[in-house]
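These protein sequence lines map, in sequence, to chains A and B.
Residue numbers for the first sequence follow numbering that gives the first Met the number 0, so the first one is 0 and each next one is one higher.
Residue numbers for the second sequence follow numbering that gives the first Met the number 0, so the first one is 0 and each next one is one higher.
It is worth saying that the hints were derived from the structure and are not from the lab.
Where hints are given, some of them may not hold.
[Said to hold, decoys possible] DEER-style ranges, computed between Cβ atoms:
#, chain 1, residue 1, chain 2, residue 2, range
1, A, S667, B, R4, 37 to 45 Å
2, B, K22, A, L62, 29 to 37 Å
3, B, Q100, A, L563, 26 to 34 Å
4, A, A658, B, Q100, 26 to 34 Å
[Claimed, not checked] When the alpha-carbon atoms are kept at most 27 Å apart in a straight line, the in silico DSS-like pairs for lysine-lysine are as follows:
#, chain 1, residue 1, chain 2, residue 2
5, B, K233, A, K168
6, B, K22, B, K227
7, B, K162, A, K168
8, A, K427, A, K396
9, A, K262, A, K2
[Claimed, not checked] Listed next, the stretches of chain A that the computed footprint assigns to chain B, with coverage defined by at least 3 CB atoms under 8 Å from CB atoms of chain B:
#, region
10, 124-138
11, 145-152
12, 340-348
C-beta: ideal position from N, C-alpha, C; glycine also.
These are the residues of each chain, in order.
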Amino acid sequence: MRKGTRLRLVLRDLGAGCAFASMAVSGQLPIWALALHGLALVFALAGRRPFANRVKLTAVLLLAVALSLGTYVLAGSLNLVVAACTFAGLISAQRMLSTPDAATDGQVLLSGLLMVAGGAALSGELVYGLFLIGFGVLASIALALGVVEAAVPEDEPVPVRAVMGPLAKGVGFAVLGAVAFFVFFPRLNWNVIGPGPGLGLGVATAGFSNTVRLGGAGTIKDNPRIVLRATLSPDPERETLDAYWVGRTYDVFDGQEWSNARKVSSKPTLMSTLRLGRDNLVHQRVELMPAYGARTLVALETPSRLGNAVASTSQGPRRTSILELGGGEVRFETTGIAYSYEAYSLPPGAGGDDLRDLPPEEQDALLSLPEGLDVRVGQTAARVLNGERDPMAAAQKLSTWLQREYSYTLEQGGDVPDPVADFLFQRKQGHCEHFATALTLMLRTQGMRARLATGFFGGERVTGGYVVRAGDAHAWTHVLVPGRGFVTVDATPPAHRASQSPRLLEQLINFYEIVESQWRDVVLDYNFRDQLTMARTLMGPRSAPRQDEAPGRAPPPRAWVAALLAAVVAYGAWRALARLLSRERPLEATRFADAVEALLASARVARTEGETLEELAARLTRAGHPLAPTLTPLTRRYLEARFGGRPLRQGEAQQHLSALRQAVARESRRVANEGTPPPQARAS
Amino acid sequence: MTPRRSVRWARLRSRLRPPRTLKVTRIGRTYLVVTFGVGLGALNTGNNLLYLLLGLLLSMVVVSGVLSERCLRYLSVRRVGADAAFAQEPFVFRWAISRGQGHAFALTLSEADSPLSGSGGVGYLPAGVDHIVRADLTAPRRGPVRLTGVRVTTTWPLGLFAKTRTFPLESTLLIYPRRTYACQDPGAPEQGPVGEAGNPRRNDGNGDVSGLRDLAPGEDARRIHWVKSASAGKLLRVEREREERRTFVLTVADGLDAQALERRCEEVAALAHRLIEEGHEVGLDTPGERIRPAAGAAQERRLLRALAWLGHERPGGGEEAA
Chain A
0 MRKGTRLRLV
10 LRDLGAGCAF
20 ASMAVSGQLP
30 IWALALHGLA
40 LVFALAGRRP
50 FANRVKLTAV
60 LLLAVALSLG
70 TYVLAGSLNL
80 VVAACTFAGL
90 ISAQRMLSTP
100 DAATDGQVLL
110 SGLLMVAGGA
120 ALSGELVYGL
130 FLIGFGVLAS
140 IALALGVVEA
150 AVPEDEPVPV
160 RAVMGPLAKG
170 VGFAVLGAVA
180 FFVFFPRLNW
190 NVIGPGPGLG
200 LGVATAGFSN
210 TVRLGGAGTI
220 KDNPRIVLRA
230 TLSPDPERET
240 LDAYWVGRTY
250 DVFDGQEWSN
260 ARKVSSKPTL
270 MSTLRLGRDN
280 LVHQRVELMP
290 AYGARTLVAL
300 ETPSRLGNAV
310 ASTSQGPRRT
320 SILELGGGEV
330 RFETTGIAYS
340 YEAYSLPPGA
350 GGDDLRDLPP
360 EEQDALLSLP
370 EGLDVRVGQT
380 AARVLNGERD
390 PMAAAQKLST
400 WLQREYSYTL
410 EQGGDVPDPV
420 ADFLFQRKQG
430 HCEHFATALT
440 LMLRTQGMRA
450 RLATGFFGGE
460 RVTGGYVVRA
470 GDAHAWTHVL
480 VPGRGFVTVD
490 ATPPAHRASQ
500 SPRLLEQLIN
510 FYEIVESQWR
520 DVVLDYNFRD
530 QLTMARTLMG
540 PRSAPRQDEA
550 PGRAPPPRAW
560 VAALLAAVVA
570 YGAWRALARL
580 LSRERPLEAT
590 RFADAVEALL
600 ASARVARTEG
610 ETLEELAARL
620 TRAGHPLAPT
630 LTPLTRRYLE
640 ARFGGRPLRQ
650 GEAQQHLSAL
660 RQAVARESRR
670 VANEGTPPPQ
680 ARAS
Chain B
0 MTPRRSVRWA
10 RLRSRLRPPR
20 TLKVTRIGRT
30 YLVVTFGVGL
40 GALNTGNNLL
50 YLLLGLLLSM
60 VVVSGVLSER
70 CLRYLSVRRV
80 GADAAFAQEP
90 FVFRWAISRG
100 QGHAFALTLS
110 EADSPLSGSG
120 GVGYLPAGVD
130 HIVRADLTAP
140 RRGPVRLTGV
150 RVTTTWPLGL
160 FAKTRTFPLE
170 STLLIYPRRT
180 YACQDPGAPE
190 QGPVGEAGNP
200 RRNDGNGDVS
210 GLRDLAPGED
220 ARRIHWVKSA
230 SAGKLLRVER
240 EREERRTFVL
250 TVADGLDAQA
260 LERRCEEVAA
270 LAHRLIEEGH
280 EVGLDTPGER
290 IRPAAGAAQE
300 RRLLRALAWL
310 GHERPGGGEE
320 AA
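The following block holds chain A by itself, in its conformation from the complex (with noise of 0.2 Å):
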């Protein structure tokens, strides 16, 4: 194999690789056909190609696997889309292992092409476009290097170097107009079907499930990946909001694990009102991300309405009900991978719910405790609360000496048979749910109710609105404060309530999230207002300023269009200018050759009939003449640039004709001082 050769098989196998990435990102792909092409890509980059000399083989082993993918998709268990971008990935495979010839390196990268098509109808992840990128950069760096291969001789090698400039202005050039293309071809669809959306960097890690079970081992891991991203009305405008976003309650406790009393599920709804509120309630458009991974509806404590929202599934986006159940919680009816909803919430500080508007058994469950709970609970509730009664100071209390006594782990101890006993009086440290779980108990055994909360605790400003990560799971407790109704106590160190994921993971997640909100703005969700808008604002006529808006200091659209043209203009000209400068002009050494004899006459250097310039050099270099040193080069000069196919340089002529004048100013003083004429070599 050839110097290059390599190179570019290489470049074509990663660049599949790419165009199968570009699929792979929706989450959709079976997991074989993502194991098997892994493989493949793995054998081709090690230059193993097994399928060589099996061609036959494993084009029959591809039609039964076509086969089954059909007979899949017939029997309605695999998506059309996902079976045929399955089988092309398959294909690609099969063609990086089969021995590389041109046709082959097509087959492979037109199969990427219609992965990457494929990609784009499965996914519309930010990571979906960099493969895109990088499958479009592999690619035609390939097949450039191919086409450069096939014209070389076989003995010689491929110029690798020399083709990437060229190449790398062509792709330039080509994601410019893919972009243009992108902004101004009108988008007048037959149909309306984005993509969908992907589970992006892993599966989804967070979630509600119906009952809180203490105890479990290892390490609860803080995820910095986003779940949910809201946009508050009004708006707080504060880096960091601090609130607890409830997703359901628990009133029952057994001993290992909270559940609920009651377990109703209510008719499906589109808006569902859990309580009444007033009209400064705090308005939520919340999007629950693929990371999120549950089908319960969160909002700001205390929510008051849900509704209005929308799934995304493979399918495309799809309105769907809301169902209420048991402890609050509000589930979406459809299950997809991201969803998208309202929320109104009761503004901070406002009472929940009352004792009279729970159901009788929710209220009696909100001061059971479990069976066999450990004396010494109570006994220490007893001995911290020295005989106050009043519910909010007492759980104040309690979460302040649970606070100060106990700490923060985030390491699970194990299964043990009393989980609160053993938290409060063998380890004494915890995560969020021993803390909120020993709180509440000891309030119960205090005769004061109260009920576990479950959501998130958090949100970080990010491009105007909240987010809400993984790690920012946690959970609390609800104190029934006669009068005020639940009020929210964390028993929780304040340090330990939120995220602990490391700052610079979250800072580029947070880079990340930004990027990728801009992608779905700028690309995902482009459309034909979008054209209209920016049409108007490039062609309209500047509408007036109104009153009260402030100035912008940057310059209007039109006035960077504008200036794009000027350097277009001014690009192409300087181009322009500079091939009439660098052209050849066919007379120019004729001309510096009149120049150099003309100055000779007037240096009155003698010269015989038809005696040519070089030999005017030759004899005056015999004859020593002074100017001989400064003509020689000069006449040497002059016949490459007549005959030697070496033209004269863009001010070459005027620099050597200077230099002769200067030469003949010289010898003409000489002259005038010494008043002795030159020698004079005579012709023979």
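Given chain A, work out where chain B should sit, using these hints.
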């Protein structure tokens, strides 16, 4: 339209539509089909990512056209020619190609509108370098081949399209008769061996032994070196410093039909080659030309040229590529 305006218009048209031919390659056809499919998909679904991909695919087509056009500009081509071109066998042909400015990639050179098959290629051509491109061409038949121009084709940058520019370059390439085996005997020589008649060793040359070579059909068996032949396993004949030299005049009869004339030309060429190799003097007698007997490579070339022109009308002048 005034003449000046029409000239300007013609100049503008030639600038906008330079004399190029464009052919879609096999991979290019599939690429266009996929592009069409992606376009339909984008229009049907309104999927912006498909629009983005479509834009990229179409831009690649445009960039491909621009880069290939840049490749074919500022080129100059001249023929270097071939040493000897025989019909129906590959012969080496050379062109010299250079570029005034910029780079060119993946150029394939061939003769335009000629029966010569084959092409030569250059992978990378920097500016200011006179690059010699070598190609193995094949001509189907004997005779002069009129060369009208050199076709320079490039599939740069992606191999989707083959763009061709033809450089008009008039010339003639003379194809010698096909090299075959001479079946027939050349006939009696016009003049016997040089030297004294009756010399018993007249057929054996004279002087010292200079070497051994394979015995050709029809040669005198008395010249076989039996000892060396037995050890080599084949018949070897002795060559001496002064070999016998006879004079043959080969003839091509008048009135032969096309096929017979071709066969005769090939046979005469083969005979002439063999006789000249053996050191004889060979002449040629054709209906339109008579070449006096002579020996040596120059005479063989003379005979081949005469045989190549046989049946064809010679032009008054004109440069020959070989």
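Legend entry - Which numbered hints fail: 1, 5, 6, 9, 12
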